[in-house]
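Chains as they are written, first to last, in my numbering: chain A, 356 to 599; chain B, 356 to 599; chain C, 356 to 599.
Keep in mind the hints are simulated off the structure, nothing from the lab.
Every value quoted in this text rests on a predicted model; they were computed, and no experiment measured them.
Among these hints, one or two may not hold up.
No copy is singled out in the list; a pair is fine if it fits within one copy or between any two copies.
[Stated by the list, open to error] Listed below are the simulated EDC-like cross-link pairs for lysine to aspartate or glutamate, each with C-alpha atoms no more than 16 Å apart in a straight line:
id	residue 1	residue 2
1	Lys455	Asp524
2	Lys557	Glu520
3	Lys429	Asp500
4	Lys455	Asp516
5	Lys429	Asp524
6	Lys576	Glu403
7	Lys433	Asp500
8	Lys494	Asp439
9	Lys392	Glu405
10	Lys494	Asp446
11	Lys536	Asp516
12	Lys576	Asp533
13	Lys433	Glu407
14	Lys576	Asp504
15	Lys367	Asp426
16	Lys494	Asp538
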Amino acid sequence: MFSAELKSDTLKGIVNIISTLIDEVKFTITPEGMTLKAVDAAHVAMIEMEIEKCAFESYSAEDCEIGLDLDKVKGVLKLASAGDIIRMEQDDTHGRLVFKVGNITRRMNLVDTSTMSDPKVPQLSLTAKISLSVDELQKGIRAADTISDHITLRAGTGYFDLSCEGDTDSVSLRLEGDSVKVDTDAEVCSMFPLDYFSNITKAIPAGTQISVELDNDYPVKLVFALADGNARVNYLLAPRIESE
Amino acid sequence: MFSAELKSDTLKGIVNIISTLIDEVKFTITPEGMTLKAVDAAHVAMIEMEIEKCAFESYSAEDCEIGLDLDKVKGVLKLASAGDIIRMEQDDTHGRLVFKVGNITRRMNLVDTSTMSDPKVPQLSLTAKISLSVDELQKGIRAADTISDHITLRAGTGYFDLSCEGDTDSVSLRLEGDSVKVDTDAEVCSMFPLDYFSNITKAIPAGTQISVELDNDYPVKLVFALADGNARVNYLLAPRIESE
Amino acid sequence: MFSAELKSDTLKGIVNIISTLIDEVKFTITPEGMTLKAVDAAHVAMIEMEIEKCAFESYSAEDCEIGLDLDKVKGVLKLASAGDIIRMEQDDTHGRLVFKVGNITRRMNLVDTSTMSDPKVPQLSLTAKISLSVDELQKGIRAADTISDHITLRAGTGYFDLSCEGDTDSVSLRLEGDSVKVDTDAEVCSMFPLDYFSNITKAIPAGTQISVELDNDYPVKLVFALADGNARVNYLLAPRIESE
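Working from the sequences, and respecting the hints, build out all of it.
As structure tokens, this is what we get:
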């Protein structure tokens, strides 16, 4: 049994993040909220998300799993305006989730979750921790476009750099001073695939405060909240390690 | 002889409706106004339109027929702003219609109407009559997208439903209460091709009040006005009858 | 040595004009400003531009030449907002130009200018001189679309016409009265390729006052200013002369 109501903006924020990696998702549902773990087909990035009960306008659930096709959920979101409430209700008899937006009723077949396993999330202890607004990362992403397929993140005492090196051209964004808080006892640097980093960065709502955890040739971890702090996301992205 | 002036918005509204079905149209012109009857190539839908003299800012005509390429008229509309007056004048010598928008003069070859016959409009007496704003239909159309190629309209005492059934998913919009007025003595239901219904619904200006006449496995008739009530449109759409 | 700062709008205006003809450009730089001469690959049109030192916020240069890939410069412009200052600095060691926009540093390889010769600009003395806002030309261009590949410019005492003749259809824009000032002692008329005329007309900022110099079956010369009058542009377009 599962039924809940939430703001369309909240659902949209969640769906946008997940769909940077996968098309079909399994939510693990408990009386206290929902969680999900997802890894993309190429095993380059991983999302761990925890949505508390209080992210919803109303919430009532027993332990269960629900598999959803995110493209279909995006279709439902198009029917809602920014302030609208979306109601979801499980229809056990038909294996469907019923969405209600105003006077529209959308019955959606659930995706079979029996073959979807939970990815194992590695526990990482990373040297540098950088706090900044995602807007700064989005600016860096725009600058990186067309220079290279990779982006290098580098952090040291008091600064955080995003840079791209092409064969002849390069671009870099230096963040220091008030726009960034860097906590590290050494300079660290890793390189990442630009498309993954760009997709997740663009999917995070503008103005979101985000924590970037970085090390040398190690995955980067992005930690941020959605739904007024009631949903927490960890995003892990594998580095590209240059063979010398 | 034919010359007339009208607001670009009025001409745009008329052209948008007709061009959901056909590219070239024959207007029958009298001293009192213009009429047209048009059926699409597949004979699935039909438009009957009557534009009164007073839909125009100025109007002067003898009985005649004028054949127009609607894509070219759309080109003229792009040269006008919302409030602009468009002047049309027949140039008998060259078989052209001359459009004037501000200081632009556009001379347009007429389409030969000799091979364009008037479709016969069936006289239908349909059980249910539903009055509502076209905005509600447009909402239903957005919801129906991607579920199925067909849309089912159903009316009964006090309600009007639009619904789509796919193999696994479905969507429905229920209209009742203040948003709709239903006049029927029985429940009636017919299914229609979604693309035709969608095209005409999107072409009707937002906010237009519209009358939907419906029966069981019968064509639906949409009746509405354009040009501040000075142009009347009947749109007939054939049902899709499921073979059992 | 070359370093300068200018408003992103100013750089954008300059780049938009040049890139109607070529992708790579050679700027000739002096302590007093920059100049360029460019002709398109088909030798149909030519641009001569002079940018004074005072078009820049700051400017410091010795005599030199700089070759730039305009697509890359457009990429830099996307990183700047309308009011932003863009800083350019030559990096002689690496043959690069370094752009700075806020905290973004973009290092750009220079294009080799050794094989780029200066086109010879013909000295023309044309009969008619027409002064008008580029907005009027832009309106004429919109009307001309889809009628023909050529546009005819015609000027006589007190009027300036833009017209297009297709096989069956035609369109013309007549400018007279307050919207245009025509200085000529004879009627003159030439025909031009619509795509070139359209591209340059669309690239000139709306509201720009422009001088059109015209003669019979002769190139047309467009003269206008950018950067608050601190950059001057001559644009020459070869006529299309109909063989009889």
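Taking the hints in turn, this is what the structure says about them:
1. Lys455 - Asp524: So lysine 455 and aspartate 524 pass the 16 Å test across copies only (14 Å; inside, 51 Å).
2. Lys557 - Glu520: Classified as neither; 21 Å inside a copy, 35 Å across copies.
3. Lys429 - Asp500: So lysine 429 and aspartate 500 pass the 16 Å test across copies only (12 Å; inside, 27 Å).
4. Lys455 - Asp516: For lysine 455 and aspartate 516, only the inter-copy Cα distance (15 Å) is at most 16 Å; the intra-copy one is 45 Å.
5. Lys429 - Asp524: The answer is between: 14 Å across copies meets 16 Å, while 38 Å in one copy does not.
6. Lys576 - Glu403: For lysine 576 and glutamate 403, only the intra-copy Cα distance (11 Å) is at most 16 Å; the inter-copy one is 52 Å.
7. Lys433 - Asp500: Classified as between; 11 Å across copies, 29 Å inside a copy.
8. Lys494 - Asp439: Intra 30 Å, inter 14 Å, cutoff 16 Å: inter-copy only.
9. Lys392 - Glu405: So lysine 392 and glutamate 405 pass the 16 Å test inside one copy only (9 Å; across, 60 Å).
10. Lys494 - Asp446: The answer is neither: 44 Å in one copy and 24 Å across copies each exceed 16 Å.
11. Lys536 - Asp516: Result: close within a single copy only, 12 Å intra versus 56 Å inter.
12. Lys576 - Asp533: This pair counts as neither: shortest intra-copy Cα distance 22 Å, inter-copy 52 Å.
13. Lys433 - Glu407: neither (24 Å within a copy, 39 Å between copies)
14. Lys576 - Asp504: Neither: 20 Å inside a copy, 44 Å across copies.
15. Lys367 - Asp426: within (11 Å within a copy, 35 Å between copies)
16. Lys494 - Asp538: neither (22 Å within a copy, 51 Å between copies)
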